[in-house]
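Student: Each chain, letter by letter, is given below.
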Amino acid sequence: MGCGAVGSLFAANLSLLDDVEVWAFDLNELHTAAINRGGLRLSGAGDVVGQPRATSDASELPACEFGIVATKAMHTEPAIAATAHAFADGYVATVQNGLGNEETIAGHVEGVIRGTTFPAGKLLEPGHVQWDVQGDTTFGPYDERTPLAEVERLADACTRAGMPADAVEDARGPQWRKVIFNASTNPIGALTGLTHGRVCERPDLRALVTGLVDEGKAVAAAQGIELDADPEELIDHAARPEVAYDHKASMLQDVEARRQTEVDYLNGGIVRFGAEHGVPTPLNAAIQALVKGVEASWTQN
Amino acid sequence: MTKVVVAGAGSIGSLLAAHLARVAEVTVLTRREEHAAALREQGLRVSGRSDFTARLGATADPAALPAAELAILACKGTDLEPLAARLEGTLPGATVMTIQNGLGAEEVVAAHGDWPLLSSVTFMSGTRHGDAHVEYVLDTATWIGPYRGTTEEDARRVAELIEAGGLHAEAFPDLRPAQWSKLIFNATVNGVAALTGLPHDFHFAQTEAPSDLGILVRDLVDEGKAVAAAAGVELHDDPWAMNVLATERGHRHFPSMLEDVEAHRPTELESINGALAREAWRLGVDVPLQTAVYRLVKAREASYSE
Chain Y
40 MGCGAVGSLF
50 AANLSLLDDV
60 EVWAFDLNEL
70 HTAAINRGGL
80 RLSGAGDVVG
90 QPRATSDASE
100 LPACEFGIVA
110 TKAMHTEPAI
120 AATAHAFADG
130 YVATVQNGLG
140 NEETIAGHVE
150 GVIRGTTFPA
160 GKLLEPGHVQ
170 WDVQGDTTFG
180 PYDERTPLAE
190 VERLADACTR
200 AGMPADAVED
210 ARGPQWRKVI
220 FNASTNPIGA
230 LTGLTHGRVC
240 ERPDLRALVT
250 GLVDEGKAVA
260 AAQGIELDAD
270 PEELIDHAAR
280 PEVAYDHKAS
290 MLQDVEARRQ
300 TEVDYLNGGI
310 VRFGAEHGVP
320 TPLNAAIQAL
330 VKGVEASWTQ
340 N
Chain E
509 MTKVVVAGAG
519 SIGSLLAAHL
529 ARVAEVTVLT
539 RREEHAAALR
549 EQGLRVSGRS
559 DFTARLGATA
569 DPAALPAAEL
579 AILACKGTDL
589 EPLAARLEGT
599 LPGATVMTIQ
609 NGLGAEEVVA
619 AHGDWPLLSS
629 VTFMSGTRHG
639 DAHVEYVLDT
649 ATWIGPYRGT
659 TEEDARRVAE
669 LIEAGGLHAE
679 AFPDLRPAQW
689 SKLIFNATVN
699 GVAALTGLPH
709 DFHFAQTEAP
719 SDLGILVRDL
729 VDEGKAVAAA
739 AGVELHDDPW
749 AMNVLATERG
759 HRHFPSMLED
769 VEAHRPTELE
779 SINGALAREA
789 WRLGVDVPLQ
799 TAVYRLVKAR
809 EASYSE
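Taken in sequence, the protein lines are chains Y and E.
Each residue of the first sequence is one higher than the one before, counting from 40 in our numbering.
Each residue of the second sequence is one higher than the one before, counting from 509 in our numbering.
Hints are computed from structural coordinates only; laboratory data are not their basis.
Backbone N, C-alpha and C define an ideal beta-carbon position, used for all residues, glycine too.
A portion of the hints provided could be inaccurate.
Partial list, derived from the structure: chain E residues whose beta carbon lies under 7 Å from chain Y [to be verified]:
no.: 1; residue: Val531
no.: 2; residue: Met632
no.: 3; residue: Thr635
no.: 4; residue: Gly638
no.: 5; residue: Leu703
no.: 6; residue: Thr715
no.: 7; residue: Leu724
no.: 8; residue: Arg773
no.: 9; residue: Arg808
no.: 10; residue: Ser813
Chain E is nowhere near these chain Y residues, computed Cβ spacing over 10 Å in every case [unchecked claim]:
no.: 11; residue: Thr143
no.: 12; residue: Glu183
no.: 13; residue: Asp243
no.: 14; residue: His276
no.: 15; residue: Pro280
no.: 16; residue: Asp303
no.: 17; residue: Gly332
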């Protein structure tokens, strides 16, 4: 569900497996028509032409064993509401950014799988996605209604399809690591217009990033979540010239294109979980309010 | 007639010069000679809340300024240091009044001459429509107080002169309470506007949802109040009430810091947010949100070259 860049990487690769039948659900009819006509093409980090069945009509979806939600976080609710009928006996995984997608999906289906994925790309034209970065995916059961064995089946299929995936009992560590990384760097780029590297080389701004990271770590710790890596190290690693120094955060790209951002699910998610666990998050709240202000300025001016 | 020099003819300088020219002999000091020539030839037209054309003298050469009893330095904070340097050795016998946003303008001027000094802050606003035309938008007051070698009586005489010219002004025995109220207001509203792109509108007073902008604005104001308290300043006005009142006027004001950021110009960040943050650090007051806003706008200025 949601066959943009990340959704297409899963759909095209999984469709190559003989024992898997893939349906791609996306509201963009030009995209679904192109996929049905000429296949779903990936180029870049891997060159693949997959043959998923594509549709913009949720009622066409048959009963499925697994679903993968790959929409932007603000579209989770309508996406799962439209497609839940296909997963009465299945399990639905999220590979989206941010916090709260699992809860939203669990409002519509029984079996939910928490997922965090690192591959990235962009939609070039209908039916064609550029695959920029390969990377791992981690899946885990959202609650006791999802057996680990089912999560392992999904991870195994992804791995065999060329999208390496792990199944773990508690997938919150990688999720929070990625959320803290994104919430602490993306909005800073969006508010200042600076690339990731330039944010990190200004000591005053890097200190602000650390302030945001520390709040996120405190909220994770209060829930007993063990991060699988230190976001600080990942942030510094990404700032190196050969890694992502010149990268404009996706939120900066969103702001430049005046598209709604995922700030409510990044900083807003940290604030919400912080409030639930009695951990103050003033900096994340301030950053969320500023980015919401940026979004509001597009309709006011 | 009183002789007055107004140095700097942006919107505030133009409003002061034109109105004062109705009751005093005014000479405007401009940066560009064409600007001075336009003022000499066409006069200075005021529209909006006033409607007249003032006749006044104008020059771009500080050495050509006539003797004056009062000189108002009305440039932007970022231009004050070079302006004060140009005035060194001129205007003997004049009382010099600063009107810049933020803190520290008086010290900058004091370092360039031994003129008696008055402090002021202004809440009026205008829009320039060219070198010889300014629109009078907000008719709120200018507040004046003694600073060095002056008394409340000196402040009162200047306030009366400005009032006689048709603007609003008030004298205070100590300007710091008013100056700090405006400092906290500006550090908050200008910083948030510059970062969000929002004019000073209803969003700044909205406090219903946890992520509403008004909550951040209120928290920033509270940090500023804590700094003022630590500095021993009792505020003249509550900056939060000033903020709410301004958003209720229904006039969507674009703070200068927002206009500066959009035009990729240097902002008054250092004399406003920087001044407040440095006071906080000096006094040991924790201001994490103001520090964040200060760093973000500073980085935004650095992004102009991207």
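Student: Hint by hint, note whether the structure agrees.
Tutor: Hints, verified against the model:
| no. | hint | in the structure |
| --- | --- | --- |
| 1 | Val531 | violated, 40 Å |
| 2 | Met632 | violated, 24 Å |
| 3 | Thr635 | violated, 17 Å |
| 4 | Gly638 | violated, 24 Å |
| 5 | Leu703 | holds, 5 Å |
| 6 | Thr715 | violated, 11 Å |
| 7 | Leu724 | holds, 4 Å |
| 8 | Arg773 | violated, 15 Å |
| 9 | Arg808 | holds, 5 Å |
| 10 | Ser813 | violated, 10 Å |
| 11 | Thr143 | holds, 18 Å |
| 12 | Glu183 | holds, 31 Å |
| 13 | Asp243 | violated, 5 Å |
| 14 | His276 | holds, 21 Å |
| 15 | Pro280 | holds, 16 Å |
| 16 | Asp303 | violated, 7 Å |
| 17 | Gly332 | violated, 3 Å |
This entry does not satisfy hints 1, 2, 3, 4, 6, 8, 10, 13, 16 and 17, going by the numbered hints stated previously.
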